[in-house]
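Asks: Here the protein sequences come in this chain order: A and B. Position 18 of the first sequence, counted from 1, bears residue number 199 in the working numbering, the numbering being contiguous throughout. Position 246 of the second sequence, counted from 1, bears residue number 443 in the working numbering, the numbering being contiguous throughout.
One or more hints might be untrue.
Dumping the calculated SDA-like pairs for lysine to any residue here, alpha-carbon to alpha-carbon at most 20 Å [stated by the list, open to error]:
#1 K397(B) - D259(A)
#2 K292(A) - V280(A)
#3 K397(B) - G270(A)
Because the hints were derived from the structure by calculation, they are not lab data. Nothing here was measured: the structure is a model prediction, and the numbers come from that model.
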Amino acid sequence: MTTTEYFSGPGPEAQFKAFMAEGKFMIQRSAASGHHVFYPRTITPCSGTADLEWVEASGDGTVYASTVTRRRPEQGGDYNIALIDLAEGPRMMARVDGVAPNQVTIGMRVKARVGEIDGETAVIWSPA
Amino acid sequence: MTHPLRAKAACVGLATAGCGESPGRNAMELMAEAVHGALADAQIPLHEVDGLFAATAFHSMAAMSLAEHLGVHPSFSDGSNIGGSSFMAHALMAAMALEAGLINVAVIAYGSNQRTAGGFKSISEPMPFEAVYQPRQPLTAYALAASRYMHQFGATRADLAEVAVAARGWAQLNPEAFTRNPLTLEDVLAARMISDPLGKLDCCLVTDGAAAIVLTKPDRAKDRPKPPVYLLGAAMEHHHRMISAMPDLTVTAAAKSGPRAFEMAGYKPADMNTLQLYDAFTINTLLFLEDLGYCAKGEAKGFIAGGRIAPGGETPVNTNGGGLSCVHPGMYGLFVTIEAIRQIRASLGADEGPREPGGWIDDVKLSLAHGNGGVLSSQVTSIWGAGDAI
Chain A
182 MTTTEYFSGP
192 GPEAQFKAFM
202 AEGKFMIQRS
212 AASGHHVFYP
222 RTITPCSGTA
232 DLEWVEASGD
242 GTVYASTVTR
252 RRPEQGGDYN
262 IALIDLAEGP
272 RMMARVDGVA
282 PNQVTIGMRV
292 KARVGEIDGE
302 TAVIWSPA
Chain B
198 MTHPLRAKAA
208 CVGLATAGCG
218 ESPGRNAMEL
228 MAEAVHGALA
238 DAQIPLHEVD
248 GLFAATAFHS
258 MAAMSLAEHL
268 GVHPSFSDGS
278 NIGGSSFMAH
288 ALMAAMALEA
298 GLINVAVIAY
308 GSNQRTAGGF
318 KSISEPMPFE
328 AVYQPRQPLT
338 AYALAASRYM
348 HQFGATRADL
358 AEVAVAARGW
368 AQLNPEAFTR
378 NPLTLEDVLA
388 ARMISDPLGK
398 LDCCLVTDGA
408 AAIVLTKPDR
418 AKDRPKPPVY
428 LLGAAMEHHH
438 RMISAMPDLT
448 VTAAAKSGPR
458 AFEMAGYKPA
468 DMNTLQLYDA
478 FTINTLLFLE
488 DLGYCAKGEA
498 KGFIAGGRIA
508 PGGETPVNTN
518 GGGLSCVHPG
528 MYGLFVTIEA
538 IRQIRASLGA
548 DEGPREPGGW
558 IDDVKLSLAH
568 GNGGVLSSQV
578 TSIWGAGDAI
């Protein structure tokens with residue numbers, strides 16, 4: 182791929198969202214270093230090389246940090262926000278469901294799926 | 198070798214305005230009032246101001262808006278916005294511009310009427326790849342950091358609460374503080390949860406308020422009515438914008454900015470007589486005490502135990518009551534700086550207004566003012582000293 186081709190067409194954010202619309206959770210990998218990258222970048226962070234390619238995420242992750250956002254029951258009730266360490270290395274913000282928000286514990290193994298929050302596609306995790 | 202920027206800028210005037218609630222007055226009006234107060238304190242006329250530095254959550258180009266409002270034509274200005282740490286960075290830039298001969302008199306200013314205008318005000322864009330999960334930033338980020346810190350080091354909500362209780366102790370000595378009623382550990386633990394593990398009393402105030410300081414060169418500073426307080430060291434570092442991109446939620450970039458600021462100043466952490474640490478949330482104080490070298494990582498809970506950072510304690514921290522109990526109009530950094538400088542001025546005999554006994558610390562020659570911006574993102578450490586500390 183030429184540099185011109187690499188920087189042509191929809192950018193990484195649009196490509197990520199297009200994959201999500203197809204139900205696929207894709208992350209990037211640097212061809213040179215093999216390091217995985219999330220969130221979608223234009224060039225590889227730190228090295229600066231224009232060599233990012235898309236690979237499907239394993240969907241395996243571990244809860245790194247977690248909070249219960251308190252919300253009135255009539256507005257939908259409490260919800261979880263967590264930081265998940267992907268098995269491939271990168272970290273992402275996400276929601277863990279399938280367990281009460283306050284039962285999401287640091288170190289918990291979780292599995293990803295492509296779901297939806299208020300009509301927008303999102304990577305959602307539940308206990309593995 | 199002495200750093201070329203060490204002690205090349207001196208604060209000769211400062212003021213706050215509209216702290217607490219200022220119904221009917223907008224952010225610019227409060228900021229202009231603070232500038233007026235700081236210039237009066239310095240006894241320097243407005244037309245001598247040729248360097249202007251400002252950032253707010255109300256103005257996309259704050260330095261330009263403020264210059265226009267004041268009717269000054271700066272030959273150097275900067276409106277960089279790195280959140281609440283902007284003003285420590287502005288002080289560093291002002292020192293550079295003064296030393297380079299670009300300007301003679303710098304004003305650094307901030308203003309906000311968020312409380313009376315309806316609540317927490319931010320001009321932050323939604324973070325891509327985070328917004329869909331509906332975080333309430335900055336709160337969510339600090340809650341996540343606190344969750345990780347507690348998990349990793351065995352800290353408890355009671356350890357966080359110690360920070361809030363110490364801050365309130367200082368506020369009770371300070372008639373200027375917004376919240377001064379007694380506060381116990383039990384009160385903090387019983388407060389409504391906002392974003393676990395942070396409850397309402399782990400979070401900063403939401404107030405109005407403006408602040409300004411006047412910096413000039415040492416030779417110009419000598420004949421001012423208030424004792425000059427010198428910028429001895431300042432350094433910045435940041436490594437993320439989104440909390441999901443922070444490498445380690447228990448280590449901030451203060452671990453880098455702190456040592457560089459101390460090196461520039463030629464002092465070590467133990468030399469500081471007061472520590473003013475940007476306490477947007479209780480977790481901040483613990484992280485910054487560790488990252489700035491006051492105790493090892495994970496050991497702040499032991500360090501602060503027994504009232505060490507509270508009034509009468511060995512290490513005075515956030516002696517105005519902090520963002521938790523004194524004032525927090527959204528970007529609190531300039532108030533942090535002002536408290537650091539005022540403690541030094543009070544020791545030098547300046548009339549800084551009344552405080553209860555112990556509210557003005559004895560023999561303060563050196564104060565650290567540490568700024569935090571974004572979601573534990575930007576860290577800027579500054580060290581201020583009296584003339585005989587140079």
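Asks: Work down the list of hints and note, for each, if the structure agrees.
Replies: To see whether the hints hold, each was checked on the structure:
| no. | hint | result |
| --- | --- | --- |
| 1 | K397(B) - D259(A) | 16 Å, holds |
| 2 | K292(A) - V280(A) | 13 Å, holds |
| 3 | K397(B) - G270(A) | 34 Å, violated |
The structure shown violates just one earlier hint, number 3.
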